[in-house]
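Whenever a hint applies, use it, and build me the whole structure from the sequences.
Throughout, the numbering used here is defined as the position within the sequence shown, counted from one, plus 31.
Be a bit skeptical, because a hint or two may be false.
Unchecked claim - Simulated pairs of lysine-lysine, BS3-like, Cα-Cα distance not exceeding 25 Å:
#1 K254 - K137
#2 K108 - K54
#3 K137 - K173
#4 K137 - K101
#5 K74 - K101
#6 K103 - K54
#7 K221 - K211
#8 K42 - K101
#9 K42 - K54
#10 K103 - K242
#11 K74 - K177
#12 K119 - K103
#13 K221 - K168
#14 K119 - K137
#15 K54 - K221
#16 K108 - K42
#17 K52 - K42
#18 K137 - K42
#19 K137 - K168
#20 K74 - K52
#21 K54 - K74
#22 K119 - K221
#23 K119 - K42
#24 K101 - K119
#25 K211 - K168
#26 K177 - K211
#27 K74 - K211
#28 K211 - K173
#29 K52 - K254
#30 K119 - K108
#31 K254 - K54
#32 K42 - K74
#33 K254 - K211
#34 K254 - K42
#35 K254 - K242
Please keep in mind that the hints were generated in silico from the structure rather than gathered at the bench.
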Amino acid sequence: MQEDIILQADKITKYFHDPVKFKVLNEISFTINRGEFVTLVGKSGSGKSTLLYILSTMDSQYEGALTIVKDKVTGQKQDSLAVIRNEKIGFVFQFHYLLPEFSCLKNVMLPALRLGNYSRQEIEERAYQKLDLLGLKDQALKPSSKLSGGQQQRVAIARALINDPLIIMGDEPTGNLDSKNADVIFDTFKQLAHEFNQTIIAVTHDNDFAKNSDRTIEMHDGKIISTDKKFD
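Below, the structure is given as structure tokens:
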């Protein structure tokens with residue numbers, strides 16, 4: 032249904048200009064619905080990471096149009112795009128980027144403190160709730176450097192959730208993890224999508240991660256070649 036569309040890409044085209052002009056994305060069009068868990072797949076150089084950075088509004092130099100919910104974000108000024116990222120998008124990267132000297136709780140609180148929509152006490156309560164959701168409430172006051180890799184990535188997911196974003200975007204979120212921890216992160220994303228209606232868009236090279244998501248968008252040479260491919 033139209034009202035369920037949370038993100039729409041319309042003929043997104045991107046050029047690189049160094050050392051020569053090169054079309055890295057070629058009229059990419061698709062929609063993603065609220066609560067959908069979508070993976071972007073394809074060989075290195077296919078354009079999937081470039082596309083993710085455009086979808087996240089971190090790259091605004093492209094042709095075509097990007098709409099998040101009903102707001103066209105293409106052409107907006109950098110200050111406005113920064114607000115959109117803070118309010119509507121949570122990020123989970125291959126590396127967790129936690130501050131090692133800070134507690135897990137403080138790491139999760141940081142984006143909300145920056146946004147400033149709640150009091151510090153309210154933000155702390157919300158951070159505890161997100162850590163509890165990720166099964167890490169008992170680790171809240173421990174320095175993030177003392178956690179395992181899988182736990183650190185779950186803290187990073189809690190941090191991505193703190194501002195209740197419309198979309199979580201992941202760039203190889205299991206890339207640094209062994210298969211056991213990768214499965215935990217996948218199950219976390221699946222739970223967020225199916226039980227909490229959280230929209231997730233993740234770039235991955237992990238075939239198992241991709242095939243178990245709700246939908247895959249497969250790219251090759253800057254074009255979409257499939258929007259529902261599942262791996263054997």
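message: Tell me if the straight-line CA distance from K211 to K168 falls inside 25 Å.
response: The given pair, whose Cα atoms are some 21 Å apart, holds under the 25 Å limit.
- Message: For K254 and K42, compute the direct alpha-carbon distance and say whether it is at most 25 Å.
- Response: With Cα atoms ~10 Å apart, K254 and K42 stay inside 25 Å; holds.
Given the hinted pair K52 and K42, is their alpha-carbon gap at most 25 Å? Satisfied, since the Cα-Cα distance of roughly 19 Å is no more than 25 Å.
> Between K119 and K137, does the CA-CA distance stay at or below 25 Å?
Replying inline: 21 Å, holds
Holds or violated: K119 with K108, Cα cutoff 25 Å? Holds, at roughly 16 Å.
Against the 25 Å threshold, does the CA-CA distance of K101 and K119 hold or violate the hint? 13 Å, holds
Given the hint that K119 pairs with K103, does the C-alpha gap stay at or below 25 Å?
Between K119 and K103 the Cα gap is close to 13 Å, so the pair holds against 25 Å.
### Query
Has the given pair, K108 with K54, been kept, meaning a C-alpha gap of at most 25 Å?
24 Å, holds
Starting from K108, check that the Cα of K42 is at most 25 Å away, please.
Measuring from Cα to Cα gives roughly 21 Å; hence the hint holds.
**Request:** Please work out if K42 and K54 have their alpha carbons no farther apart than 25 Å.
**Result:** 13 Å, holds
Are the Cα atoms of K119 and K42 separated by 25 Å or less?
Holds, because 22 Å separates the two Cα atoms, which is no more than 25 Å.
CA of K103 to CA of K242, is that 25 Å or under? 31 Å, violated
Violated hints, listed in ascending order, are 1, 4, 5, 10, 11, 15, 18, 33; each of the other numbered hints is respected by the structure.
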